[in-house]
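Add chain F to chain P, keeping to what the hints say.
Quick mapping for you: the protein sequence lines, in order, are chains P and F. Adding 35 to a residue's 1-based position in the first sequence gives its number in the numbering used here. Adding 35 to a residue's 1-based position in the second sequence gives its number in the numbering used here.
A couple of the hints might just be wrong.
Heads up, the list lumps identical chains together, so a pair's fine if it works in one copy or across two of them.
What the hints assert, rightly or not - Below, a list of computed lysine-lysine pairs in the DSS-like style, where the Cα atoms sit at most 25 Å apart: (1) K75 x K45; (2) K61 x K86; (3) K94 x K54; (4) K86 x K99; (5) K99 x K37; (6) K99 x K54; (7) K99 x K75; (8) K54 x K75; (9) K37 x K75; (10) K94 x K37; (11) K45 x K99; (12) K61 x K99; (13) K75 x K94; (14) K37 x K86; (15) K86 x K54; (16) K75 x K61; (17) K54 x K37.
Everything labelled a hint here was simulated from the structure, so no lab data went into it.
These are the residues of each chain, in order.
Protein chains: 2
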Amino acid sequence: MKARVTVTLKNGVLDPQGKAIEGALKSLGVDGIAGVRQGKVFDIELETADKVQAETSLKAACEKLLANTVIENYRVELI
Amino acid sequence: MKARVTVTLKNGVLDPQGKAIEGALKSLGVDGIAGVRQGKVFDIELETADKVQAETSLKAACEKLLANTVIENYRVELI
Numbered sequence: 036m037k038a039r040v041t042v043t044l045k046n047g048v049l050d051p052q053g054k055a056i057e058g059a060l061k062s063l064g065v066d067g068i069a070g071v072r073q074g075k076v077f078d079i080e081l082e083t084a085d086k087v088q089a090e091t092s093l094k095a096a097c098e099k100l101l102a103n104t105v106i107e108n109y110r111v112e113l114i
Numbered sequence: 036m037k038a039r040v041t042v043t044l045k046n047g048v049l050d051p052q053g054k055a056i057e058g059a060l061k062s063l064g065v066d067g068i069a070g071v072r073q074g075k076v077f078d079i080e081l082e083t084a085d086k087v088q089a090e091t092s093l094k095a096a097c098e099k100l101l102a103n104t105v106i107e108n109y110r111v112e113l114i
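Here chain P stands alone, though its shape is the one from the complex:
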């Protein structure tokens, strides 16, 4: 079973990397960009075919390693 975990910064948390990308796009002549925020995506292959078990593993993975839940949100999608 496959899953995709998306980790994004919470609203209100400063994102200097996103700001830098926004500036770089402007200087490269890409118009119409009002804001950029960067996040991370993890494509995870799971051994189990059981949805509940997969979700439990993924939640543990996010809480323990993939996301810093103080400043980041995460979303798990099973594919």
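Frame of chain P, contents of chain F only:
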């Protein structure tokens, strides 16, 4: 208008960062993970409300800066 750009490594391209995450999850006791590949996600705010114009800007942004098209795929979703 908002958009999400997802950049992932192409199949066959080595992902040492993903391998490291996989190892870390194993040593943290998260079971059932068979593989991890890491990518990037960009949440972009656009000034225009025109879909075609938005897609053109986003394609330019991806080709010029956000993705290395030699080793990475990108996907643009308008939200």
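Hint-by-hint comparison with the structure:
1. Taking the shortest Cα distances, K75 and K45 sit within 25 Å of each other both inside one copy (13 Å) and across copies (16 Å).
2. Only between protomers do K61 and K86 lie at most 25 Å apart by alpha-carbon distance; the minimum there is 20 Å, versus 43 Å within a single protomer.
3. Taking the closest pair of Cα atoms, K94 and K54 come within 25 Å of each other only across two copies (19 Å); inside a single copy the shortest separation is 30 Å, beyond that limit.
4. In this assembly of identical chains, the alpha carbons of K86 and K99 lie at most 25 Å apart only when taken from the same copy (20 Å versus 39 Å across copies).
5. In this homomeric assembly, K99 and K37 come within 25 Å of each other (Cα to Cα) only inside a single copy, at 19 Å, whereas the closest approach across copies is 30 Å.
6. Taking CA atoms no more than 25 Å apart as the test, K99 paired with K54 passes between copies only; the shortest distance there is 17 Å, against 28 Å inside one copy.
7. For the homomeric pair K99 and K75, the shortest alpha-carbon distances inside one copy (16 Å) and between copies (20 Å) are both at most 25 Å.
8. Proximity of K54 to K75 under the C-alpha cut-off of 25 Å is found in both arrangements, the shortest distances being 16 Å within a copy and 15 Å between copies.
9. In this assembly of identical chains, K37 and K75 lie within 25 Å of each other by CA distance both inside one copy and across copies; the values are 17 Å within and 18 Å between.
10. When the C-alpha separation of K94 and K37 is checked against a cutoff of 25 Å, the pair qualifies only within one copy, where the shortest distance is 14 Å, while the shortest distance between copies is 27 Å.
11. Only within a single protomer do K45 and K99 lie at most 25 Å apart by alpha-carbon distance; the minimum there is 18 Å, versus 27 Å between protomers.
12. In this homomeric assembly, K61 and K99 come within 25 Å of each other (Cα to Cα) only across copies, at 11 Å, whereas the closest approach inside a single copy is 37 Å.
13. Proximity of K75 to K94 under the C-alpha cut-off of 25 Å is found in both arrangements, the shortest distances being 16 Å within a copy and 20 Å between copies.
14. For the identical chains of this complex, K37 and K86 are intra-copy neighbours only, at 10 Å inside a copy versus 31 Å across copies, given an alpha-carbon limit of 25 Å.
15. In this assembly of identical chains, K86 and K54 lie within 25 Å of each other by CA distance solely across copies; the values are 23 Å between and 38 Å within a copy.
16. Taking CA atoms no more than 25 Å apart as the test, K75 paired with K61 passes in both settings, with 23 Å inside one copy and 20 Å between copies.
17. Within a single copy, K54 and K37 get their C-alpha atoms only as close as 32 Å, which misses the 25 Å cut-off; across copies the closest is 16 Å, which meets it.
In this structure, every one of the numbered hints holds.
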